[in-house]
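Each chain is listed here by its residues.
There are 2 protein chains.
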Amino acid sequence: MKIIKCFKILLLLVGLFGLSSNPALSQFQQDPVISPEFKEDGSVTFRIMAPTADSVKISGNWMAGWGSSEKLTKGTEGLWELNISDLNPDYYNYTYSVDGVRTIDPHNPWVIRDVRNTFSAFILPGENSEIIQLSDQKNGTVQEIWYPSPTLNMDQRRMKVYLPPNYNDSNEEYPVLYLLHGGGGDESAWTELGLANRIMDNLIHSGDTKPMIVVMTNGNPNQESTWHVAPGHKPVRESDSQNPMATMRFEESLVSDVIPFVESNYRVKTGKENRAVTGLSMGGWQTQKLALNYPEMFNYYGVMSMGIIRESQFAMNAQTHLELTNQNIDNLKESGYELYWIACGTDDFLFDSVIHMREVLDGHDFDYVYRETGGGHTWDRWRLYLSEFAPMLFQ
Amino acid sequence: MKIIKCFKILLLLVGLFGLSSNPALSQFQQDPVISPEFKEDGSVTFRIMAPTADSVKISGNWMAGWGSSEKLTKGTEGLWELNISDLNPDYYNYTYSVDGVRTIDPHNPWVIRDVRNTFSAFILPGENSEIIQLSDQKNGTVQEIWYPSPTLNMDQRRMKVYLPPNYNDSNEEYPVLYLLHGGGGDESAWTELGLANRIMDNLIHSGDTKPMIVVMTNGNPNQESTWHVAPGHKPVRESDSQNPMATMRFEESLVSDVIPFVESNYRVKTGKENRAVTGLSMGGWQTQKLALNYPEMFNYYGVMSMGIIRESQFAMNAQTHLELTNQNIDNLKESGYELYWIACGTDDFLFDSVIHMREVLDGHDFDYVYRETGGGHTWDRWRLYLSEFAPMLFQ
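So the protein lines, in turn, are chains A and B. Here the first sequence stands for residues 198 to 592, numbered as in our numbering. Here the second sequence stands for residues 198 to 592, numbered as in our numbering.
Careful, some of the hints might be misleading.
To be verified - 20 Å max Cα-Cα, derived EDC-like pairs, lysine to aspartate or glutamate:
1. A/LYS335 x B/ASP454
2. B/LYS254 x B/GLU234
3. A/LYS271 x A/GLU234
4. B/LYS271 x A/ASP296
5. B/LYS268 x B/ASP296
6. A/LYS335 x A/ASP366
7. A/LYS469 x A/GLU369
8. B/LYS254 x A/ASP251
9. B/LYS407 x B/ASP352
10. A/LYS254 x B/ASP251
11. A/LYS466 x A/ASP454
12. A/LYS335 x B/GLU460
13. B/LYS254 x A/GLU389
14. B/LYS335 x A/GLU460
15. B/LYS335 x A/ASP454
16. B/LYS335 x A/ASP352
17. B/LYS271 x B/ASP251
18. A/LYS268 x B/ASP296
19. B/LYS469 x B/ASP527
20. A/LYS335 x B/ASP352
21. A/LYS254 x B/ASP296
22. A/LYS271 x B/ASP296
23. B/LYS407 x B/GLU370
24. A/LYS466 x A/GLU369
25. A/LYS268 x A/GLU278
26. A/LYS469 x A/GLU535
27. B/LYS268 x A/ASP296
28. A/LYS407 x A/ASP352
Keep in mind the hints are simulated off the structure, nothing from the lab.
Just chain A, with the same shape it has in the complex:
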């Protein structure tokens, strides 16, 4: 107890007068281990203090293939270390495995969540990561707001709304981009993993993109919100039985609940010509369903990393979706639209579904713009696609 009191007084001293350098304060004041450390040659050094460990590995999302890892080397005093070079400046995440136990980097305070898993995160500075760096100019606002969803029988659901930098300084009305996440994600995915607000800020500042509002909903129709803000600490997995891809419930709620709420609560330009929708993976599937079922609602569609699964491969709602496409795509043609944009990476495990979708659309002489990139089913692609899609909107 005496030690604790002494420690707390030291803490107070630090807080009050900025004293430091006492090793007992390391946890609060200054972690003596710096990880990750960015070197001048562009490489990154990862470290973890684990004196009794026999094996420490790192798994990072820059590595090829799920489950890949590299070994760290044990140095003096139990400090394990690995230097990695040749990384492109970008936004990365990683975890350690210490004698087989998965852990984040205890020396790095930036932690993110993807579906159920947590990761340590960093942005490697450099020319190619400028679009995800915080702009020095005035940035937009991100709101966490609750709206009623009569369609889903919920008094409130949570979404994130990005307002462009000068929203508060003018009386201007803005067009709206509806930005949808993938399977397992939620309304936090596009800001936390996609850094969508920073991308929009930078695109608007450079003049490449028109100022617009971006609405990031929760695409799981049985969730009120990101699981950990919902009552009763409900984990995502409890709601997995209801599959958001197999029903139209999310799409109905977007059209009936979200859009009217947005258009009556923000200074918004209304009408089809002022609405765009895009999404990745499951959100790309939902974007297609919106196009096919509500052809009067949007003028711009972006289908990222998702096509139409071949019926031979998955017999269930892929078949329904194919029938829906064949049945409704001509309505969409007739109704008109400015842009139907399809983007996918050649290493994406859904790449074949995009080939199939293009075959189906070509069979209807349906106009679309196809953007093929390298890469797979990963957030670096979706950040890239957002940065390419947004400049084409509302021009």
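Chain A is already provided as a structure; the job is to place chain B on it using the hints.
Using the frame of chain A, we list chain B on its own:
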């Protein structure tokens, strides 16, 4: 590579059709280890899979004293477990130590950050934690917004703004509470650790508190924002050399930059009678400095877990602060105020400073309300104090 492809197709199946139960999917779909698990008897079971570990301990913020821990017991197949009972329903955080390496709970996706450290988090449901549970009624909005700070020579600084539930549904103007964090904290502390938005939602819904706007600034005058959203990935520690307690820079910027911004960007009732300020620890120090230097600005003051350090104990700006108090407190009396509220726990390591502050204030016949509780210098106290302070405002 084949395995990876197979795994991805399985993932797709899960995403598309809700298949599950394949053990290879456990990381993404369903973690077979549930931790923490809330039992019907009110106890909580913590688990971690660590087959090769020799020792696993848990440190939780419900334990007495910094650095306390309890051992988990190794069960079959390397699953370590500990059941803890007699916890009050509240918001808790914890970490594990696996063979001496600090780690969050890899089975719990809810991770929070306090200063530089990350913790696993949970809310134990029950009657006493109702005020921090998400309300079923319509909740308020939390904004992350950037404002210019000419006083601090920054084009933009970040703050969080809470708007009460019906803000968008009316043309009402609202009073404003300025809510300040402690040393090492930032503009995220009061929502992430204090759950201030939930407390305000529940107090407003029950009618105990008037609807108000709550502004949560960054009290470190050399920071643009929470370190990880600032450019160049600057950690907090780089800015510790400039001490926010030793200068008036934050207080000047609050009065000159923040309040004018808030009052021109939100539907706000202006004037002293519609402004309150409260803060914990360093923020309680800043609240005192605001009272002493800007007696015309606020009508309600809340000083949480901070008094005036005895000069015998710390000779530096404590002496200056004492002089400032003796010099300016009569101005504040003359200027008038509705409430000067002081709250502290008897186990707080700053409790003696509160005794000293009361002696000084009593020497000036200065009116204040003193609220003494049990407990120490911890967030459960500050959540409690907010829930007691807010209902006294603007009545």
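Hint numbers the structure violates, sorted upward? 9, 13, 28
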